[in-house]
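Undergrad: Which chain is which? The protein sequence lines are A and B, in order. Residue numbers for the first sequence follow the working numbering, so the first one is 13 and each next one is one higher. Residue numbers for the second sequence follow the working numbering, so the first one is 13 and each next one is one higher.
Treat the hints with caution; some may be incorrect.
List time: in silico DSBU-like cross-link candidates among lysine-lysine, alpha-carbon distance up to 30 Å [as the list claims (entries may be wrong)]:
1) B/K278 x A/K269
2) B/K199 x B/K184
3) B/K148 x A/K271
4) A/K205 x B/K311
5) A/K269 x B/K283
6) A/K91 x B/K205
7) A/K91 x A/K106
8) B/K286 x A/K286
9) A/K271 x B/K271
10) B/K335 x B/K106
11) B/K311 x A/K285
12) B/K326 x B/K286
13) A/K285 x A/K326
14) A/K286 x A/K149
Please keep in mind that the hints were generated in silico from the structure rather than gathered at the bench.
2 protein chains.
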Amino acid sequence: MRIALDAMGGDHGPDEQIAGAIQALEESDLKLTLVGDEIAIQACLDRMAPADDVLSRLQVVHTSEMVEMGESPVDAIRKKKNSSVMLAFDLVKKGEADAAVSAGNSGATMAAAIRKLGRIENVSRPGIASAFPTLKKPVVMMDVGANVDCRPHHLFQFALMAAAFSRVFEIKSPRVGILSIGAETGKGNILVKETHTLLANSSLNFIGNVEGRDIFQGNVDVIVCDGFVGNVCLKVSEGLIEAATETLREGIMNSMKAKFGYFLAKPVFLKFKKRMDYAEYGGAPLLGINGTGIICHGKSNAVAIKNAILEAAKIVEIKVNEKIVASLAEHPEPLAEKK
Amino acid sequence: MRIALDAMGGDHGPDEQIAGAIQALEESDLKLTLVGDEIAIQACLDRMAPADDVLSRLQVVHTSEMVEMGESPVDAIRKKKNSSVMLAFDLVKKGEADAAVSAGNSGATMAAAIRKLGRIENVSRPGIASAFPTLKKPVVMMDVGANVDCRPHHLFQFALMAAAFSRVFEIKSPRVGILSIGAETGKGNILVKETHTLLANSSLNFIGNVEGRDIFQGNVDVIVCDGFVGNVCLKVSEGLIEAATETLREGIMNSMKAKFGYFLAKPVFLKFKKRMDYAEYGGAPLLGINGTGIICHGKSNAVAIKNAILEAAKIVEIKVNEKIVASLAEHPEPLAEKK
Chain A
13 MRIALDAMGG DHGPDEQIAG AIQALEESDL KLTLVGDEIA IQACLDRMAP
63 ADDVLSRLQV VHTSEMVEMG ESPVDAIRKK KNSSVMLAFD LVKKGEADAA
113 VSAGNSGATM AAAIRKLGRI ENVSRPGIAS AFPTLKKPVV MMDVGANVDC
163 RPHHLFQFAL MAAAFSRVFE IKSPRVGILS IGAETGKGNI LVKETHTLLA
213 NSSLNFIGNV EGRDIFQGNV DVIVCDGFVG NVCLKVSEGL IEAATETLRE
263 GIMNSMKAKF GYFLAKPVFL KFKKRMDYAE YGGAPLLGIN GTGIICHGKS
313 NAVAIKNAIL EAAKIVEIKV NEKIVASLAE HPEPLAEKK
Chain B
13 MRIALDAMGG DHGPDEQIAG AIQALEESDL KLTLVGDEIA IQACLDRMAP
63 ADDVLSRLQV VHTSEMVEMG ESPVDAIRKK KNSSVMLAFD LVKKGEADAA
113 VSAGNSGATM AAAIRKLGRI ENVSRPGIAS AFPTLKKPVV MMDVGANVDC
163 RPHHLFQFAL MAAAFSRVFE IKSPRVGILS IGAETGKGNI LVKETHTLLA
213 NSSLNFIGNV EGRDIFQGNV DVIVCDGFVG NVCLKVSEGL IEAATETLRE
263 GIMNSMKAKF GYFLAKPVFL KFKKRMDYAE YGGAPLLGIN GTGIICHGKS
313 NAVAIKNAIL EAAKIVEIKV NEKIVASLAE HPEPLAEKK
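Construct all of the structure, not just a fragment, from the sequences and the given hints.
TA: Pasting the structure below:
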């Protein structure tokens, strides 16, 4: 299997991308195509000096064009036809790669994927799923940013697609919940109430409303919400962890005794950090497109890139898209509401 | 000044309410009316034995009726006309108290406040504000649960009301932001984009879109959002702090070395907990009603109740409602969009 990696994506430049690519090849028998500036990529490879076995499974597709983080996705896709992210998805389209991974501009990655690969038949809106760390298994949330104004049948399809994706975490009959503000049926806004009805009448293992606190408890496997709410949840979690870490760090640095105490308890903190770290969960898969694509956080480090590459391979391997097609075929009714 | 306290509210029964009431009287020269079951209240008072000076400023209004936590607010308000929360707001209506505080059923508290006190003229939708802990001053978020389906002019009014309330934290010209998923103007859902225009054309100190992570940074004073999104933020934060604490606790308890390290660093953790603790921020004020009311978390301990009582007094003292009236008068245009 071959994965295409946008080597120019992310806030850290090609270094983290290529370090992640090398780690992924060291841990698997995958093949990788790095898409980006040949000279910059070669300089990284020279510096990192991977083993011959790794090098033999790496190939480079050169382009000097790339989408900047702040750029308008629509403009970028229209004007930069040879950007690294466009070429990465072009490789998937031509069958020269099985999946594409990018830590670049999320909107442009989404747009490039749809432009190059199109949607799975009957999918109204492709979206972005994300795996949240919990006290037990990760929980898959969808949508986390692609679709900010949604109708009930969009959310219904997110449930089908996210449930198919959750198989990546060895979850057999995923418990599906809808994010609301109160556990009782009937709580929530109009969108939630209408989607609740669709989900309750489906063959999904629907457990009803879940609340923000349930995201981290691990008693639900798939949480459905619109892309606005999902993205807010993502950013609130990140912001809280950052603020909490900063507050603790400050307090610890201001006291010798606390500093020593922290030193003793450090393994516990590192384990905690690993558990809460988005990097451990790879990237966010684009679901509903006719192919496989993963969006990584702009801040992704090498570990996050490595995990995203391995995740992409897993999605292809367990045929998530075939499962989505089957699930859509099994639930044609809500599609009738599309108009 | 006299505050009415729903002595029967909250998950912990009257104990925490009355302990909080006593603390509030010890720290201020307020007067308090406890509304609830006389025998239960007296039993608490006998046990807690407050000083004579405190006792002399306490009075009890007896009722045996109370709203349960799971009860439908609409039914509760209709059927239980003598419930403790209804009588507490009745005291405010009759001018026998200046504000009411309840840690009971939030929906019923909101409904009782509106039923007894009515809305401030020209307010379309009263809502619930909440102060989030940040790295600097608290940030006021509104709405956090009362209005789940909103129109732009509702959010606009939330901004005016929350800005007036933020004076409680000695904030002079509050920076107002709208919660969105991207800092740039034009990012967000339809509701956010339309509200953005209203806010940008107002005399508020509007700083544009803010993101979930900004909630904890302290670089914005007032964050506006609909009650669905606001409530999700609240619950996500609570859930994450709970999950993080649980994960750390487990790790620490499993290692002698970490346990000793934690012991040394404990003051830092306690300070952190205090900073992140909702109890330190009192309750959530109901804004837009013709009077002053505070909803406390059902889990409120005595400290939270004490802080909510002091907060209610501060709201009355700095005349938040008069400021809301003035602010509404200054911004009549968006009201025209009400239809």
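Undergrad: Is the Cα-Cα distance between B/K326 and B/K286 30 Å or less?
TA: holds (21 Å)
Undergrad: Hey, B/K278 versus A/K269, does the alpha-carbon distance stay inside 30 Å?
TA: holds (10 Å)
Undergrad: Taking only the CA atoms, is the gap from A/K271 to B/K271 under or equal to 30 Å?
TA: holds (14 Å)
Undergrad: For a C-alpha distance cap of 30 Å, please report whether B/K148 and A/K271 respect it.
TA: holds (23 Å)
Undergrad: Keeping to a limit of 30 Å between CA atoms, is the pair of B/K335 and B/K106 held or broken?
TA: Given that 30 Å is the threshold and the Cα spacing comes to 22 Å, the pair holds.
Undergrad: Would you mind confirming whether the straight-line C-alpha gap from B/K199 to B/K184 stays at or under 30 Å?
TA: holds (28 Å)
Undergrad: Taking only the CA atoms, is the gap from A/K91 to B/K205 under or equal to 30 Å?
TA: Answer holds: A/K91 to B/K205 is near 26 Å, not above 30 Å.
Undergrad: Do the alpha carbons of A/K285 and A/K326 lie within 30 Å of each other, as the hint requires?
TA: holds (25 Å)
Undergrad: Do the alpha carbons of B/K286 and A/K286 lie within 30 Å of each other, as the hint requires?
TA: With a Cα-Cα distance of about 25 Å, the restraint between B/K286 and A/K286 holds, given a limit of 30 Å.
Undergrad: Is the hinted pair A/K286 and A/K149 satisfied, with a Cα-Cα distance of at most 30 Å?
TA: Given that 30 Å is the threshold and the Cα spacing comes to 14 Å, the pair holds.
Undergrad: Hinted pair, alpha-carbon criterion (30 Å max): A/K91, A/K106. Please report holds or violated.
TA: holds (21 Å)
Undergrad: Quickly compare the C-alpha distance for A/K269 and B/K283 to 30 Å and report which way the hint goes.
TA: holds (15 Å)
The structure meets every hint from the earlier list without exception.
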